[in-house]
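Asker: These protein sequence lines are chains Z, S, F, H, P, B, W and A, in that order.
End of the first sequence sits at 251 in this note's numbering; the numbers just go up one at a time, nothing left out.
End of the second sequence sits at 251 in this note's numbering; the numbers just go up one at a time, nothing left out.
End of the third sequence sits at 251 in this note's numbering; the numbers just go up one at a time, nothing left out.
End of the fourth sequence sits at 251 in this note's numbering; the numbers just go up one at a time, nothing left out.
End of the fifth sequence sits at 251 in this note's numbering; the numbers just go up one at a time, nothing left out.
End of the sixth sequence sits at 251 in this note's numbering; the numbers just go up one at a time, nothing left out.
End of the seventh sequence sits at 251 in this note's numbering; the numbers just go up one at a time, nothing left out.
End of the eighth sequence sits at 251 in this note's numbering; the numbers just go up one at a time, nothing left out.
None of these hints come from the bench; they were simulated from the model.
Possibly wrong hints are sitting among the right ones.
[Unchecked claim] Covered stretches of chain Z (in silico footprint by chain H; criterion: 3 or more residues with CB under 8 Å from a CB of chain H, positions within the stretch not fixed):
hint	stretch
1	94-103
2	144-156
3	197-211
Built from N, CA and C at the ideal position, the CB exists for glycine as well.
Protein chains: 8
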Amino acid sequence: MTHPDPFSDLISALNGEIDSTETAGVRIDTARRSRTGAPEVIYGRGKSAEQIAAAIQRLLPKESRALAARIEPGRAAEVEQLLAGLNLELAYDPIGRTLTASRCDSVSASTGGRVGIITAGSSDRPQASEAAAVLREMGCETLAMHDVGVAGLHRLVQPLRQILAFDPDAVIVAAGMDGILPGVVSGLVSLPIVALPTSTGYGFGGDGIGAMTTMMQACAPGIAVVNIDNGIGAGIMAGLIANRAASQRSL
Amino acid sequence: MTHPDPFSDLISALNGEIDSTETAGVRIDTARRSRTGAPEVIYGRGKSAEQIAAAIQRLLPKESRALAARIEPGRAAEVEQLLAGLNLELAYDPIGRTLTASRCDSVSASTGGRVGIITAGSSDRPQASEAAAVLREMGCETLAMHDVGVAGLHRLVQPLRQILAFDPDAVIVAAGMDGILPGVVSGLVSLPIVALPTSTGYGFGGDGIGAMTTMMQACAPGIAVVNIDNGIGAGIMAGLIANRAASQRSL
Amino acid sequence: MTHPDPFSDLISALNGEIDSTETAGVRIDTARRSRTGAPEVIYGRGKSAEQIAAAIQRLLPKESRALAARIEPGRAAEVEQLLAGLNLELAYDPIGRTLTASRCDSVSASTGGRVGIITAGSSDRPQASEAAAVLREMGCETLAMHDVGVAGLHRLVQPLRQILAFDPDAVIVAAGMDGILPGVVSGLVSLPIVALPTSTGYGFGGDGIGAMTTMMQACAPGIAVVNIDNGIGAGIMAGLIANRAASQRSL
Amino acid sequence: MTHPDPFSDLISALNGEIDSTETAGVRIDTARRSRTGAPEVIYGRGKSAEQIAAAIQRLLPKESRALAARIEPGRAAEVEQLLAGLNLELAYDPIGRTLTASRCDSVSASTGGRVGIITAGSSDRPQASEAAAVLREMGCETLAMHDVGVAGLHRLVQPLRQILAFDPDAVIVAAGMDGILPGVVSGLVSLPIVALPTSTGYGFGGDGIGAMTTMMQACAPGIAVVNIDNGIGAGIMAGLIANRAASQRSL
Amino acid sequence: MTHPDPFSDLISALNGEIDSTETAGVRIDTARRSRTGAPEVIYGRGKSAEQIAAAIQRLLPKESRALAARIEPGRAAEVEQLLAGLNLELAYDPIGRTLTASRCDSVSASTGGRVGIITAGSSDRPQASEAAAVLREMGCETLAMHDVGVAGLHRLVQPLRQILAFDPDAVIVAAGMDGILPGVVSGLVSLPIVALPTSTGYGFGGDGIGAMTTMMQACAPGIAVVNIDNGIGAGIMAGLIANRAASQRSL
Amino acid sequence: MTHPDPFSDLISALNGEIDSTETAGVRIDTARRSRTGAPEVIYGRGKSAEQIAAAIQRLLPKESRALAARIEPGRAAEVEQLLAGLNLELAYDPIGRTLTASRCDSVSASTGGRVGIITAGSSDRPQASEAAAVLREMGCETLAMHDVGVAGLHRLVQPLRQILAFDPDAVIVAAGMDGILPGVVSGLVSLPIVALPTSTGYGFGGDGIGAMTTMMQACAPGIAVVNIDNGIGAGIMAGLIANRAASQRSL
Amino acid sequence: MTHPDPFSDLISALNGEIDSTETAGVRIDTARRSRTGAPEVIYGRGKSAEQIAAAIQRLLPKESRALAARIEPGRAAEVEQLLAGLNLELAYDPIGRTLTASRCDSVSASTGGRVGIITAGSSDRPQASEAAAVLREMGCETLAMHDVGVAGLHRLVQPLRQILAFDPDAVIVAAGMDGILPGVVSGLVSLPIVALPTSTGYGFGGDGIGAMTTMMQACAPGIAVVNIDNGIGAGIMAGLIANRAASQRSL
Amino acid sequence: MTHPDPFSDLISALNGEIDSTETAGVRIDTARRSRTGAPEVIYGRGKSAEQIAAAIQRLLPKESRALAARIEPGRAAEVEQLLAGLNLELAYDPIGRTLTASRCDSVSASTGGRVGIITAGSSDRPQASEAAAVLREMGCETLAMHDVGVAGLHRLVQPLRQILAFDPDAVIVAAGMDGILPGVVSGLVSLPIVALPTSTGYGFGGDGIGAMTTMMQACAPGIAVVNIDNGIGAGIMAGLIANRAASQRSL
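Could you build the full structure based on these sequences and the hints that come with them?
Answerer: Take a look at the structure:
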């Protein structure tokens, strides 16, 4: 497998061949997908509907698809209105709060990568859905099992067996209060685990700090951690692992 | 690829078929490598030479090789003396402070997995060496580039091109003060990055907290983080990614 | 260049020659601009429209211009109403939330100082606008480039070249999640960088703490940091640097 | 069961009937055992051998036994020398760093209370030994199982079954990096769990903070937590639970 | 007293004999009460009325009673409407924000366990009520004394004497600003104290952190601490202690 | 000067002579003023109007006056309605959010104590007003100077001279961002300074933490600190100092 | 009582009448005692014996006495040697680690101020001794009671009665683990309490943080807090209170 | 003034024209001075004498001078021995712990930039010396005033007047406990202030955290802050400001 020069976009920019001027105060990295294997994700928090719509429009000529995250339902409706009549397909996921826009002829090409997703509690689903959305954009297939806490170890049996039967290349484990779940799973399987702490929980160690700390201290070491509530980050990390493995399958 | 039942060791234990009694106060998980793909690593801090030697001896009948981490030079010499005459090959790495013991006929079987390692500063080498040691035990090949800070971006060019020419399945990036290095690398390549913060640095955000925080907040999202100075954890995470990819190559 | 005695206002006060009694609970430092080179800025948070209007009126006999910061749109409208009919020119910036009041014949005298402003993301604009407002009051010219993150290094090329073509005396770099941006810029130019962390970001290191920590730990050392969201502070620091340089040009 | 008035010692003191003057700067609570069911424990850190010996001598006329904690080996030898010739039996535990002194005819009366002790790692033994020492002084029987981490769940099977066969009234679970162990145990049994975080571990959440946070956030709620390394506190809490249960058995 | 195998549910699950599939995204541990002696508590925060109602319905075939916590009044009304016509008895406590559902023929069987509850201030009552609710479900009798701060020590006399006259097996002490109250009580009685810090208080150490810290550092060692505002956890810990003692009474 | 026995209330309670039963969940310390020299202050946050009114009514038979703090305007109106027709004089201070209730014939007896109050900014006035309210109840005279920051040292001259001309027994200095003000004042006068940090300020060290830290670290050592926003605490501390001094004047 | 102008030293300096040049890198405030009522205290940590000796020599012409704090025994001996032959009286207190130097004819003039000192544990004595040393220099009389923890409330009776019999103007209460002690004392007496947290204690809230937090949150509000281990600060605060009261006695 | 392309080194590296291979594990940025105006500083902590000597030798062919920081005296002697006979001039500053190496014919070219340095206490001198060393390497002239705390404001008069008479382009203010000093100075002059917090101080806010927090919160806004103890960073920031101003003088 031959990698492109990692600096090719930079060289193009140094030669003045990449246009990266602002649109509505936003400077989109239209080359990110080809360079890093992950789509440019529009981070919606604190952006107006106009900014989000402009960013989507800026991305679409280069890419056939765009993903925006942290979009509240009302904001999504505004964006959809702004983009109406442009022959785009828009899909909003109210759980994960992601908005996908694609040119109508576009499909996200499947890579064959596979990622399992496990959540400790039902309140960890939004972050898991965010991860699943970006994984779909990266061409990966996902299988999710929810509400698999360790307070009753036996509840782990059936979901974990199902996950393994799916033969994933990586597993995302999202947890807010039950921060040990990634460590327990890691101690049972020989797959890389991406731990996703969520801001569930209250009191000392609340807001995800406790979960993140537990994951960092876990004795079972086949895990690495992304920031609290960073479903996008967990999805991209797992997607890169899965797509690397899938690329080797197709050799 | 068919996975074994993740609960097979547990079932054996429930049936009384696994012996996990203590030896010198230590209860070794002799089945870890077959179950999780990673070796049981003996954590040396706070253990006496006798405890370390006993743990090595406990592991070796089941496994042909054993790895101990966080072993200071003096302690390593004591352990070596205790194990003398047992026909074991012992190798101590004074930079990474790891001690490898193997039955003389043993070699660590190569899996074909490949992991690149980049350090931001020369003081991040011990953690990188610790990661390399466990990667060797997992059968992976490694290529390391040191002292690649972002204070001068141009210093990144040659090492990163060399790393890509090696075609790794994953890249470990270790940094203490230059915590952004994993994010910069992640923004240039399409490979999973395991970020390893190190306890270099002083003042506010010193002892690795600043590096870890930077890595957690990084905008380039193809990275996941292990605990500060946890070279073993970074190595195992990268090793699992690489071995998964390598297993697909050999299909 | 001869400096006035730094204690001259203090001596005047000790001699009873400075009147600093309260007006509506506010004790304005009417001599600040002449003493420190920076205007007295009215900090609007937690102040009523009456207090803000009174403070502006207290300042204007001595100064021809007044600046109030952290003024929400509704509050600004109330203040404008209170000051109507006083022959003042009022300008409100809804992005930076600053309100400028000036006697109608007043212009902010240009000093010839030049400050470049770079933001990492579009959500860092309010703080940058606040800095620009106070720089205008200090007589400096500014040039701003927005949304220049390091997740794609190539996006930095064009904006940074434009900033340098402007030949600034200092550069403000505002960033919330991409806290390393000031360090990267500092590693490329020979100008003082004022780093302005912003309260963008979430999870561990969110609310600007991560950005500030990264800036404090940065390996490229030509930067100094102001408090999170303190656009006024960044502006005044950069303005003092620029005005010092400009004063030397005109010698 | 009739309790004595909880304020009887206070009433005695208010009537001037309790002598609590200082001896060598130490004011011993000679009535603590009868009032609270737990012995007065002499906290050795920062006390000279003379202070410790004086405290022991002050306690022994009222009590037949005395317990001192956090006594380094050298200090213990000094105390033993100071108390030589006083017809006392002295026992020092170098793991738990406790020193027990008793009048030669004294035995610690058995209450019939039973407490199980589980440690996650071999480095958690000192704290467990400290707890065991105070439990012996409270007349409880203990059974300890060591190095029972959850990285390999199967290692929990045999020790937990042995603990339950002992039919304890309470279980102490000590853990430094594997902070979830108390929660896992609590999810499997119907007994009160006293969680004892230990200062093992490094990096983010090191020095016991991570373990304590995990225990506080644990989803399995039948646990309560004592301070990091507070073996004495864990022992007394478990001892009070066990002695309450034992007192009901003998009714 | 013979304990059941702690792993029996796990063995059933490994044999495929326990059904733990999701209902409305929730995977209920229907066997928790028999295994751990404490009811499965539905944690209401962040769950929709539909999820809460489904969880209750899922539990009731196996259990005759269900308890949901952290249910705001409006949410409780919604749940009640969803469950109307199912022949269930529903009881909502607006102070503790708990909702109890039971089949109409069900009563919570009394175990004879007794738990005293003391609150430092009137604002600590919600957490105490939450604890009392779960204690009722565990079959324990409770006696509560409120607003017993130590700022006036004499206010402690009457309530503590009343608590002791009740002869409890354990005492819960809830406090937000007066974090020492558990320690003072522990120094006066020979009973295990479960300390429950509450999020009362402001400024440095506010939101319960100060109370929790004080409880952790308390010199009187017969106490153990649950997380801030975790009334459920305090209740279950005290309930397990009381039910253990009660089980010995009935031998 | 002869002090009463500090334990007299406790002895009365132990003899059953003090009635401290609950009223509407509140257990008032009716003897606090005579014992400690400070009034019992009803802390309003989280209390209903009914609870506050009941507490006032409980206090008034014993005391002729009552003070409630942290009462929002709407709550104050409710309380006033509940107490209408009881022949009480009610005074609400909307800045300090305190409510004073007194029997109509009552006046707060003057002690002759004098306390100076200095605030750094106009947003620190609420806390200063709270302190002034409790000082009035303690019979002290106060003189307040507002908005005396150190950004312009000369602004300190006139107010501090006025404060000294008042000849106070103690000085309260309240500051949120200008946390050094107590230290600067302490370095200029020979009077005890009570430092009152306020929750003004934002970013790193915001919410009063920065002010409190600065006060704790101040090099000029004649100051002691109360909790953030604790105007009541600052007032009582200063009132006790002033009343002690005043009591010596009248000897 | 007429106060001198607080700015008189400043005016002298502005007129060039105060000499404050460096000696051996130290710039002594020779006028502090007359201005603030407290001696200039030489902070020994990190200073060489030469610097300390030079500072003492610089102070003595103006003042007849000098106090140095945080002087380790070895350093004290070095200083004593450097000052030998200068006809000074030197007194070193090995518990409080203070060194007093005085011209041989000097006595510290008694003011008649009285300060009580209470320590919670014997390990809090060094800080209490430091406070006592500076109180002696301020002319106050002190009475100290040690090891008065609240784990046994009855131990408080005798010492507190003795303190009150001494009729102090203020009370210092030093505590490390038993941080509530100042609050309990404050709830029993009508005197200002200066709370001095000490760095005793371990684990969560160790190093004095827990004690300081408890003191900040204390419900009994007649207390104010100095920094951890700041015996000098506690002493000066209490000394200023006592000397103010004493000055009123002598009117 | 025309700036070079900030990306010229990067372009050279991309074209393979810059050699940045490792020497003894260190990859020196030989082009830093020309690109950023600041020398590459060798950070000595955690480097062996061999590594430091190799780095110096690597720098000297390109640069005529090299600066190493954080070099303990013993390490400096080792480095000097390793470099003996190479015709280099070596200068070690034991206060600032910096080591300068220069080719014998080299002088640091003066730029005409001027920087004032003020320290709050004598223990802040090491950091100030570190800053002065790097300023000398940048060609700036410095004037330092030490031990200028604000506990006695009058001590500030003479030093600040001397600093202004020097007519500096920027002022560094270093402080550990007296963190407000930069703010006070900033409120008196119209020059940019670089605030350098130092790790002096103890207790809450010790180790420089308090000073840094105070500086971040300072109301006088013409200051920016570098990390605790980062004398190099403060020096380079001030040097860039001064050299920018100086470059304008010489136009």
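Asker: Could you run down the list of hints and mark each one as holding or not?
Answerer: Status of each hint after checking the structure:
no. : hint    : result
1   : 94-103  : violated (count 0)
2   : 144-156 : holds (count 5)
3   : 197-211 : holds (count 8)
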